[in-house]
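When you get a sec, could you build the whole thing from the sequences and use the hints?
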Amino acid sequence: GQQVMQIPQYQHVQEGEDFTTYCNSSTTLSNIQWYKQRPGGHPVFLIQLVKSGEVKKQKRLTFQFGEAKKNSSLHITATQTTDVGTYFCAGPGSGGGADGLTFGKGTHLIIQP
Amino acid sequence: DTAVSQTPKYLVTQMGNDKSIKCEQNLGHDTMYWYKQDSKKFLKIMFSYNNKELIINETVPNRFSPKSPDKAHLNLHINSLELGDSAVYFCASSQAMTANYGYTFGSGTRLTVV
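Chains as they are written, first to last, in my numbering: chain R, 41 to 153; chain B, 144 to 257.
I should point out that these hints are in silico values taken from the structure, not numbers from a laboratory.
Any given hint could turn out to be false.
[To be verified] Here's a subset of chain R near chain B, in silico, CB distances under 7 Å, partners left out: (1) F85; (2) Q120; (3) F143.
[Unchecked claim] Over the 10 Å line for every Cβ pair with chain B, so calculated as not near, a few chain R residues: (4) I47; (5) Y62; (6) S70; (7) K91; (8) A108; (9) K110; (10) N111; (11) S113; (12) K145; (13) G146.
Ideal placement from N, C-alpha and C gives every residue a C-beta, glycine not left out.
Here it is in structure tokens:
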């Protein structure tokens, strides 16, 4: 079935450093979504990318969708303590979304002040 | 107004018991889901309902039975609870059953089976 691989599993950074998480799919994705889950919280939708090579920005966050639509990345510039959490990418299942989103295992961002 | 609300937030129960988790969304979404998040934070879909109709039933033991009385509600009943059922269960909704819409998640139910 559809698999979405995400790396790294954990990332420790000093406050102010940059952070990147990468997502790879074994098949071409029609779109990819990104979510953030704060410790003790629930996943919150951040963004959806649809077009090949698409780049979107949300303040210090930059999201990219690969040209082949098989990979994506999330980059955070100058991390702050409020960025702490787990970041998930998610893509449509093999049923094109009718079978729900398949989530990557997430990247846990830990920030040291 | 909470968009997707789940109750209870915490559930501690003994092995062998039966329990239910309720979920309601006030977003007017057509599709609702149950996801299970294990201790390593891995999110796995369990069920998907579209307009009260079951769409997905992943390889979940039949001790788990979802029920959708209307498109705003999706409840989860679990029979004969086992230690391995301990996890956080998230309800979510989306505008439609295609993958073109972001999901709105509830705050989760932390189930602990002792």
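Output the numbers, in ascending order, of every earlier hint that fails for this structure. 2, 6, 12 and 13
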